[in-house]
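Q: Sequence:
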Amino acid sequence: MTALNWNSCQLTHGWQRGVTAFFHGLGMTEADFDKPQVGIGVPLLEGNLCNVHAYDLGRKVAEGCREAGLLGFLFGTPGVSDNLTQGLEGGGASLVSRNLIANSAECVVTAHCYDAMVGLHHCDKNGPGFAMALARMNYPGLILSGGSILPGCYRGKDVTILDVYDSQAAASVGAIPQSEADEIRRVACPGPGGCGIAASFNTWGLALESMGLMPPQSSSIPAIDGAKQQDALNAGGLIRNLLDQQIRPRDILTRQAFENAAAMIATAGGSTNAVLHLLALAREAQVAFTLKDLQVILKKTPVMCSFAPRGTKTMVDLHKLGGTSVLLKHLIRAGLIDGRCLTVTGRSLAENVASVSDVSAENGLIAPLDAPFKGFADMQVCFGNLAPDGIVFKVSSLNDPRFRGPAMCFDTGKQVSDAVEQRRIRPGSVIVLRNLGPVAAGMPEVVLAASALSVPELNGKVALISDTRVSGISHGAIGVHCAPEAAVGGPIALVYDGDEISFDLLAGNVTLQVSDEELARRRQTWIAPVIRHARGYLADFAATVAQANHGCVSRAMYPSCS
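Counting from 1, one number per residue, gives the positions in the sequence shown under the numbering used here.
Hints listed in this document are in silico derivations from the structure and should not be mistaken for laboratory results.
Just so it is clear, CB atoms sit at the ideal spot from N, CA and C, and this is done for glycine as well.
There's no promise every hint is true.
What the hints assert, rightly or not - Calculated lysine to aspartate or glutamate pairs in the EDC-like style (CA-CA distance at most 16 Å, straight line):
# : residue 1 : residue 2
1 : K320      : D225
2 : K292      : D389
3 : K300      : D338
4 : K320      : D389
5 : K320      : D158
6 : K35       : E63
Said to hold, decoys possible - Simulated restraints, written as ranges between beta carbons of each label pair:
# : residue 1 : residue 2 : range
7 : A507      : N138      : 35 to 41 Å
8 : L26       : P177      : 53 to 59 Å
9 : Q513      : I224      : 49 to 55 Å
Model the full structure from these sequences, guided by the hints.
A: Okay, here's the thing in structure tokens:
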């Protein structure tokens, strides 16, 4: 039987005994040298509501480790707030931070011979980064959610960060007074926790729990709920069990686990960002799972939840219904999730949720098995001459899965927002926002542009197509992650104003209605942009990043993604 301190023993009982002097300085005894050591990854960023409680939660995880006979050691990783960096230079740091977190966690955990790892998921890129590190190292471990923020209250109605962006966009075109939008802004985010709707943070929490890498209910317990402290304390016992049973991440992250996660993302009406993370995690876990596989799942998976932004509900509403386990049980019963998959409890998904209540009737959040909110996912994958390697659509505001219109081309989200305010964008248009992909700009979110297009006269009447990302709070008709990106010569670089663009979500195609001969002529005259990044982190990222259809992993690590 493998010792529980299978890795740390080479440090605590290795040939270089002198190094353990530091451990004595920490107050450890010789008996402690036989205990397994657990690295606890903390995305420390006290200037961000999502992360403000991360260190305190990490201390609770360490306490739970001690109670389980383990030694838990906190370590820090980068953290970037997607919300605070919107539309600014820092927007290009968001996706970069995911890869930095993965590399940082791998660096610290392997360098210090830890036996296991717990990663804390507080903001959009935290959980994906830690999951990638776990899959790459294949050390025992799990991801714990920091919990959702509670909704704010405006005139007796729940409001969230989504209402902030939508009201600011509405005020910019005179639909509501600016004073009303500012009042919503001041009350929408009342305390700690990740964005409470089915945006990127919660979409990934739901995905992790459905694939078995996050403990039951962790994704739905609010940040300030007392149960979140217990959730953190419980992590130590779960890690002890994983070590006892010799369960590694790749035992959990099977092909079926990824299919479960994809189905969960679809049924929840989740964020397109989760697609990037799912593809990246599959690469790290050495599981063959591509956009083509995702396309098949999304076409056949109905929408079963009315989370905002497609509806009005939040993760707090799910918590009140009994938590993510109730939703999982419902989806297992529907045949949308395979309950046989292994989880970090050492039990299957079905075993984890066997004792929870059934979904209550007319709850407003989870649809009955025979009456989904929509027969196919809001999110769909398309391929075509505009996106040979794929594009990910999220369309919740169109009744018809088909769209066609003339292109209007832009290079920044601010240009789109200005065009809306100036009434230059007409219904029926296809907004092409490019030169913002992973190589060109770090693939920032353009939520401000997407929100601008959600004003009443344009919502559901225009489409946005881009080689960058949007936030999970975005809604409308949006196609993102267009691959290859414009900066490396993708066809999106060859679109001219007025070109007709069409897509058919269920047929899975997206077409630039320009002849092959004309595209070849345009390619001959196209001049590749000279890209010089002023920031070191962005220059390093751009030099090695794979395209979006590979999840933006490092080509240095995975040359086949070139």
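Q: Indicate, hint by hint, whether the structure satisfies it.
A: So, going through the hints one by one against the coordinates:
1. K320 x D225: At roughly 12 Å apart (the allowed maximum being 16 Å), D225 and K320 satisfy the hint.
2. K292 x D389: Given pair K292, D389 holds - Cα atoms ~10 Å apart, limit 16 Å.
3. K300 x D338: holds, 15 Å
4. K320 x D389: violated, 41 Å
5. K320 x D158: It holds: about 15 Å lies between the C-alpha atoms, which stays within 16 Å.
6. K35 x E63: holds, 14 Å
7. A507 x N138: 35 to 41 Å: At 39 Å between Cβs, range holds.
8. L26 x P177: 53 to 59 Å: Holds, since L26 and P177 (Cβ atoms, about 58 Å apart) stay within the stated range.
9. Q513 x I224: 49 to 55 Å: Between Q513 and I224, where Cβ atoms are some 52 Å apart, the hint holds.
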